[in-house]
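Each protein sequence line maps, in turn, to chains A and E. Each residue of the first sequence is one higher than the last, beginning at 1 in the numbering used here. Each residue of the second sequence is one higher than the last, beginning at 1001 in the numbering used here.
Bear in mind the hints are in silico, worked out from the structure with no lab data behind them. Errors might be hidden in some of the hints.
Residues of chain A clear of chain E, computed beta-carbon distances all greater than 12 Å [stated by the list, open to error]:
1. A54
2. S58
3. P77
4. D83
5. I96
6. A99
7. A107
8. A134
9. L211
Below, computed lysine-lysine pairings styled on BS3-like, alpha-carbon distance capped at 27 Å [stated by the list, open to error]:
10. E/K1101 - A/K142
11. E/K1008 - A/K97
12. A/K164 - A/K131
13. E/K1015 - A/K193
14. A/K82 - A/K102
15. E/K1133 - E/K1015
16. E/K1008 - A/K194
Cβ atoms here follow ideal geometry from the backbone N, Cα and C, with glycine treated the same way.
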Amino acid sequence: MFLIRVRATFEKCGRAKYISHLDLNRCMLRTFRRSRLPIWYTEGFNPHPYYSFALALSLGFESSCEILDFNLNEDIPFDEIKDKLNSVMPEGMRIIKVAEQKQKITAIAKAEYSFSLVSDAVDSLYADVNKLIASPEILIEKKTKKGIKTVDIKPDMEILTCNKTERSVDISMYLPAGTQTNYNPTLFIEALKKTTDIAFETENIRRTAILCADNTVFE
Amino acid sequence: MLKDKIEKHLLEVQKPSRYIGGEVGSVIKDKSKVDVRFAFCFPDTYDIGMSHLGMKILYSLTNERENYWCERCFAPSEDFEAVMRENDIPLYALESLDPIKDFDFIGFTMQYELSYANVLNMLDLAGIPIFSKDRTQELTQIVIAGGPCVCNPEPLADFFDICVLGEGEEVNLELMDLYYELKKEGATRDEFLRKACQIEGVYVPKFYEFVYKDDGTIDHIETTNGAPEVIRKRIIRDLDKVYYPDNFVVPFTEIVQDRVSVEVLRGCIRGCRFCQAGFIYRPFREKHAETVCRSAKNLCKNTGYDEISLASLSTSDHSEIDPMLTKLLDYTVSEKINLSLPSLRVDNFSESLLEKIKRVRKSGLTFAAEGGTQRLRDVINKNVSEEEIMNTCRIAFEGGYSSVKLYFMMGLPTETDEDIVGIAELANRIIDLYYSIENRPKGRGVQISISCATFVPKPFTPFQFEPQDTREMIEHKQKLLLDSIKTKKIKVSYHNPDVSMLEVILAKGDRRLCKAVYAAWKKGCKFDSWDEYFHFDKWLEAFEECGIDTSFYANRRFEYDEILPWDHLDYLVSKEFLVRENKTARQSKTTPNCRLRCSGCGVNKKVGRECF
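Can you make the complete structure from the sequences, with help from the hints?
See below:
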């Protein structure tokens, strides 16, 4: 059976960040149908178009690097696939790139996130953030299938930038992602809330890259 | 910006995508180029309201007009309502995210009685005066209502400026055109309403005053401001040519009817005497099979849905049902689309039709038998014989089904204990039938689900004169039914009779109920159709405080010659016919369907043409 494996990178911004992962599935199904692309259907009792997202994105997060894999029954130029999908995507969602599937999903090791902590007392918050980053361990309580367990996220967390602006502290970091361990930046924010007295609000959480273990972009 | 304010709290609530718009298919316009803005409000949550076909039609239709902009608005769930009230977020429309208080029209579709309190809550959230009399003379914020419940809008008469009777495709635009003209002239609200009430189908409640007799019934109605004495509902004469959208707003979150829905016909030929829809949507009109298929294809193409349902009161009564399904199935099978067929009647459920449904997907079979004995089914004019029910079940069982769901009503006029026991007996005979069939599904037991609703007499039906059973009577009948069932193969479920009692009060009530609806809302009543929000005690308190005797509406027989609260509204079906049908019912006599013989309901005379 002739089958083309395709990997699309798409962004999910603005109002689209309120589409939950479950809803995104349904949304993508309808997008494919609107695009009239010859997507490959599974051949079981209940045939359905086959596609999968490499990493789930939390509700409320924006992203510029989501990965969507699917198969086509016909060989169609990548640009044409991209254009066809983009002409029927919902507001806030846009295909950036369509290419072949170079690596296996299991190659995903980490993701890059950025976010802003908005506060009336930026200076004090900035100091507290740096204190937390410098501390030997960052213990958080993580919900797992077996119940709540305490985890030290410090060894797996890599701060890339931490800058102060007039109204916010802007941070970017690597966190483990993929089939093994997944850390969400809100874990860091929760840890900060426990160590600082400064009131702040989190804005613009955004996934900016999905990476392999050697920090190269997953393709 | 309201958008920022909304977004600040959106992640605190369940299913936030319901509150922020941006769905594929939603219509965005430049508001500086728009002359009339219409907020189409559904008085329930997004998940329910977005499933409503009428909204989809009128939304697209209005937006076809370049200078009119129709937007959607729904009742927020409790969690988001709390956020809105706490943060001064007024009720807003989903396209522009602008407050609906700034709109020209705020239109509610009234689909069921238990959504009445939500209307008040939404007006309050919007910051619009709840009572029509408290709104400014300035020409803005016209609160209008349509939908089946406005066939008796009196319990809401104090809140609406205008009620639109019948089908809205033409009259809505006529109202907007009039508004646009008068707005340019700088007219007042009352000047607009005085002109509007001259349009056929437009009812302005405040131009009508009710005078009551000492016994509480209506003595007469006085009209003011030159309003017509009788308001006739609007219909679309040629259904095949009427506007039908080729695109729907496609929600992100799952809604109740999450599929393409194509209207195939309006009205019903059956005349079941309890069914309001069967009378208020007359005359019976069909769309051609071609038209239906074209709409279905367009909608699937533009929305990306992979499921179609055919919308009507009784799809199998369509005169071209076989060619229509064949044509549709050719398309849906090749495109891997599911076709679901609701509203099947037992009497014309053929083997070939079952084959067609089975080609698509095997789901449960549901039949509305309504009454447990033939005598009672004749009283309600559900023209279905036991033989037909059995025959249908046989076809279903032989076709591989092993479970059947049957709908019944309790508290129907003339009902006796024998009719209740008859429900159990009918179910037993279906079980016996199952085991008598040689090629029944192997190794599976049969399961009969019986669902019992409490009968609610409704305006514009032959049973509009009938009282509802009291709570005690219903409880007796429920117990009797349970005692009559001796096997686990039959499962019984009930609707809450308190809900049905509130329904009948609001359905048959008059204008004096407005203050009770207001009082109930003040006590916190809303989402009454949701079990967890239904507080009958609060409603009873409200009725009592307002001096309303609920049994006057719920448990009293309305006399044939009494002026009913909806007698000034003309839904084309004549009152003489309803009286005649009521009398025929009491003799346990049936009336054949409209195709077999015209029953003389009066619609064809008023429309000026034969129905068939």
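task = Mind listing which of the numbered hints don't hold for this structure, in increasing order?
result = 2, 10, 11 and 15
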